[in-house]
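A.B. asks: Spelled out from the first residue to the last, the chains are:
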Amino acid sequence: MKKLAVFAIIVLIFGTVSPSLVNGVYGQNDPSILLRIAVQADKQIVNQLDRVYGDQIPTNLQILYDKGHGSVYSLDQSLPDDIEKAKQDFLLAMNSFMQISRIISQSSEKVVVVTASNTSRNSDSEIDRLEKYVKTLETISKKYNTDTESDFIKIHDLIQKLRIQINNGYGEYDDVINQIKIILDSIKNDIRESALEQRSDFIKRFLDRLLTQVDRQLTKAQDHGVDQTQIDKGHELILEIRELLSKNQIKDAQVIFVELKGLMENIGYSIRIT
Amino acid sequence: MASFMEPTQLKQSLGDDGILFVRNDSILDTMVKTLLLIASMIIVAALLPIQSSFSSPRDLDLIIYPDGSTHISTEIDIDPFLTDYELNLFGNTIDNLVVVGDNEFLLDTRIMDDSVLIQTFGSSVITIDYDIHDLVSKQGRLWTFSLDSPSNFTLLLPKNSAIVGMINLPINMEIINDQNQLTLSPGKTEIDYLFSNTISNSLSNTKIETNYFSYAIIGGVLLIILIGSVIIIRTKQKNHKSIEPNETTKKNTTLDLETIFKLKSDLREDDKELVKFIFNNEGEALESELRKKFLQPRTTMWRAVKRLEREGVIEIEKKDLQNLVKLRKNMEEEE
Chain A
520 MKKLAVFAII VLIFGTVSPS LVNGVYGQND PSILLRIAVQ ADKQIVNQLD RVYGDQIPTN
580 LQILYDKGHG SVYSLDQSLP DDIEKAKQDF LLAMNSFMQI SRIISQSSEK VVVVTASNTS
640 RNSDSEIDRL EKYVKTLETI SKKYNTDTES DFIKIHDLIQ KLRIQINNGY GEYDDVINQI
700 KIILDSIKND IRESALEQRS DFIKRFLDRL LTQVDRQLTK AQDHGVDQTQ IDKGHELILE
760 IRELLSKNQI KDAQVIFVEL KGLMENIGYS IRIT
Chain B
55 MASFMEPTQL KQSLGDDGIL FVRNDSILDT MVKTLLLIAS MIIVAALLPI QSSFSSPRDL
115 DLIIYPDGST HISTEIDIDP FLTDYELNLF GNTIDNLVVV GDNEFLLDTR IMDDSVLIQT
175 FGSSVITIDY DIHDLVSKQG RLWTFSLDSP SNFTLLLPKN SAIVGMINLP INMEIINDQN
235 QLTLSPGKTE IDYLFSNTIS NSLSNTKIET NYFSYAIIGG VLLIILIGSV IIIRTKQKNH
295 KSIEPNETTK KNTTLDLETI FKLKSDLRED DKELVKFIFN NEGEALESEL RKKFLQPRTT
355 MWRAVKRLER EGVIEIEKKD LQNLVKLRKN MEEEE
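So the sequence lines, in the order shown, correspond to chains A and B.
Basically my numbering = 1-based index in the first sequence + 519.
Basically my numbering = 1-based index in the second sequence + 54.
Some clues are possibly wrong.
[What the hints assert, rightly or not] Here are the simulated lysine to aspartate or glutamate pairs, EDC-like style, with alpha carbons at most 16 Å apart:
1. Lys213(B) <-> Asp647(A)
2. Lys780(A) <-> Asp138(B)
3. Lys662(A) <-> Asp138(B)
4. Lys770(A) <-> Asp149(B)
5. Lys662(A) <-> Asp310(B)
6. Lys654(A) <-> Asp149(B)
7. Lys661(A) <-> Asp325(B)
8. Lys654(A) <-> Asp325(B)
9. Lys662(A) <-> Asp149(B)
10. Lys707(A) <-> Glu158(B)
11. Lys707(A) <-> Asp162(B)
12. Lys213(B) <-> Asp670(A)
13. Lys662(A) <-> Glu158(B)
14. Lys651(A) <-> Asp324(B)
15. Lys654(A) <-> Glu327(B)
Rather than coming from a laboratory, the hints here were simulated on the basis of the structure.
Please take these sequences and the hints and turn them into a complete structure.
C.D. replies: What follows is the structure in structure tokens.
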């Protein structure tokens, strides 16, 4: 008995201490990374200053650069013994470089702050992203054996065509992208239907358990004096969902279930299997 | 008040040689209570991570494209008893959203501004992939990535980009196909970068210092594991010396690729590529190597590896806190 208790205590202590030990090691994972990033940033800033100002670097930028460069030197000296100092040096250096690069980009060029959504969407990136999306759907589609192979072949052909167009300098590719997106939407619907079919038993059981619970909640709500029309509507929806489930119309059942969930939330009950 | 302090079931007697004997009738009671207390502490300790893990990303991987758009891939543990789950997205310009639940079941979603309502219907883990255009802004030649992350995340910067400013301390940095991949902590992150054709190889040339303290801890843990393993192996050797020859013969029966694909004819094409790579890599590879080779996010690769393990093609071992993926030698026996 005593041994068991001691063992349990050891397990508890180890269990409590071990995650913090692992995190500690992870957090301090190779602090030389800080130096590598700072040195690279330093070089880039020197290039920027040289490119924009040549030998006539404004004093404020020179002061900031000296501060940043000094911090990189200090960072180098702090490693590997004084990690805390190294972290401070890193942040100081990167902060100085950040200020310099922001000042340069404000002063040297017209200030245009944009998010990537507004401009500069580059066609290569857009196609890369689209291709990644296609691959994700293709993987899921194979899992559910949907009859979409020919659609995917068509999409891959279109993507190839797009890449050739871009390499040859044609600017008009929006139509092709839209065409691909339409096919992808249709594929997505096919996958959803096929997956729903294959998982219908699971979803039916899941919804059935939920409906039993909602039924109980409605009785409770009635006891608490909730508006009778709401209670009746709830029961009607339950009946409707059960009927749709019995006809294997799962998609429609899900839609009605969302309505039922809204009604339950209105009368102050959340739906959750307990 | 004093009466509360008196032990109720304590009987004292003075022995012949003057020793004070104390008899505590409640010792069994106390032991049982202690055990119960410990058991409940264990249960609480076991449940705490489960409770806190719901709705928190297990993995969060970001890839920034050259035009500043960002691909986000995340895996989240959710409460399987809920019918739906609302996830805050990192912006409202969303493209190419795919949400899959358990068994790669494609889930229905409804985007509402900067959040998405996912009909989970019993899924316990969901994987979300989408592209977003709100995380990167551009001023002149300078690009700024900003994010307030709920968890640790990895960030793959575009090719030929160089970091020129940041407000956080990175946890780690790797170079994957000439691209910097940072691992960052939760909270606000701001990183300035620009594209340059003159990015030096300074990253690889910079003096690499060693954090001796971390290595000492890791080394210590490894040493303990090593000693433990040696003791276990020696004990096993003593007990089961006769097993050894069988194991040696097993090791020599490496299957060739053709046989593997014949045995597992329903493998997916992308999985076959993984198998080919592992086979050509002397039958084993770290999961991180596979991620680098095939440029896949952590979650996607993890699922692929798990799939191959389920198929009985590979086995996963832990090596230096990493997953070592090995081709199975005895696939035929399984078949």
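A.B. asks: Tell me the numbers of any earlier hints that the structure contravenes, in ascending order.
C.D. replies: 3, 4, 5, 9, 12
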